[in-house]
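A.B. asks: The chain contents come next:
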Amino acid sequence: METKPQQFRAKVAEQIIINEKFRFVHLELIEPDRLEFLAGQYISIDMGEGYRRSYSIASSPSEGHAVELCVDITPGHKGSQFFQKLKPGDEVKFIAPLGRLVMTEADKQREKQLLFVATGSGIAPLRSMILDLLEDKGDKRLIRLFWGLRFVKDMFWEEEFRLKHESFPNFHYKLMLSKPPEKWPLLAGYSTHEIEALEFDNTWGAYLCGNPDMITEVKELVIKKGVPEAQVHFEKFF
Amino acid sequence: MAKYKVKILRDKCIGAASCVGIAPETFKLDDENIAILLSEDKDTAENIILAAQSCPTNAIEIYDVATNEKVWPKE
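Residue numbers (the numbering used here), protein chains in the order written: chain A, 52 to 289; chain B, 4 to 78.
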């Protein structure tokens, strides 16, 4: 059931510098102290003077008392300065839950296999969905995740997803680097090329988040391969 | 009487629906998943401003009816 958005106050419990591009932010709720949301939804953070930025929730809805965010702090991004200044203990105000990149009951009935595709921090809402499906709901459907990053130095959560694959045999994951180093032994290039080689039909559901070009390409590709347009869900910001 | 005049920039809207969540009497998504205006005086003025501020692409402009000044986004 969808919850009406409301204002929240939360405290920064932890802020981990993952690498020079990404930060992981753990917000512990103060008032209200619980947030009911659907995996895939986002929050709108008050950055002061009326300015707001939207961030997808990366944690599972079962957390309830907290939200975790994966934030791109690349210089020039409007929210990057805000997060660079943020310290543990600081208070943050946001509105939540927001957004429609969610899996409804009707989607669950129609979609027997799932394709998840993300670029960069677009992984956040898909991680929330994957945790929710695998760990909280024990979903046994085939889940294929493709995640595109640029450089080796951008990589994170690869161990977490590898362990998920070991624990949940229905979960398959490929990390793609578009700018790999020479002699890179793993997958290089764009997710689109990998997806092109796969077969799809009208029982698939696709959930896409990240770069708008990726979304357009993957959307067109899977629709051409038989996935109904109504079963292609996406979020163009992340 | 409405405090604000609302303008939706259709080309900028990506259908994120934060406006619909915060001010559901003011905004809804059409068949193309783009925000359209329902009314300007059903939701509170505060929620209409919040809805505009929460739009990830700044696709909603808000004008003060009394002064015709743009209230959001700030230039």
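FYI, nobody ran anything at the bench for these hints, they're computed from the structure. What you are looking at is a predicted structure, and each value in this text was computed from that prediction instead of being measured. All C-beta atoms in this analysis are idealised placements derived from N, C-alpha and C, irrespective of residue type, glycine included. There may be inaccurate statements among the hints.
Pairwise CB distance ranges (calculated) [what the hints assert, rightly or not]:
#, chain 1, residue 1, chain 2, residue 2, range
1, A, Pro236, B, Asn36, 53 to 61 Å
2, A, Glu156, B, Ile39, 39 to 47 Å
3, A, Leu238, B, Lys31, 54 to 62 Å
4, B, Leu32, A, Gly189, 27 to 35 Å
5, A, Phe202, B, Ala69, 30 to 38 Å
6, B, Asn61, A, Gly277, 15 to 23 Å
7, A, Leu214, B, Lys31, 41 to 49 Å
A.B. asks: Against this structure, judge whether each hint is valid.
C.D. replies: For each hint, the structure was consulted:
Separated by about 41 Å at the C-beta atoms, proline 236/A and asparagine 36/B break the suggested range of 53 to 61 Å. For glutamate 156/A and isoleucine 39/B, the Cβ-Cβ distance of about 26 Å falls outside the hinted range of 39 to 47 Å, so the restraint is violated. Between leucine 238/A and lysine 31/B, the C-beta spacing of about 42 Å breaks the proposed range 54 to 62 Å. Between leucine 32/B and glycine 189/A the CB atoms are about 33 Å apart, so this pair conforms to the stated range of 27 to 35 Å.
For the pair phenylalanine 202/A and alanine 69/B, the supplied restraint of 30 to 38 Å is violated, since their beta-carbon distance comes to about 52 Å. Between asparagine 61/B and glycine 277/A, the C-beta spacing of about 37 Å breaks the proposed range 15 to 23 Å. The hinted window of 41 to 49 Å between leucine 214/A and lysine 31/B holds, with their beta carbons roughly 42 Å apart.
Of the numbered hints given earlier, the model fails hints 1, 2, 3, 5, 6; all others are met.
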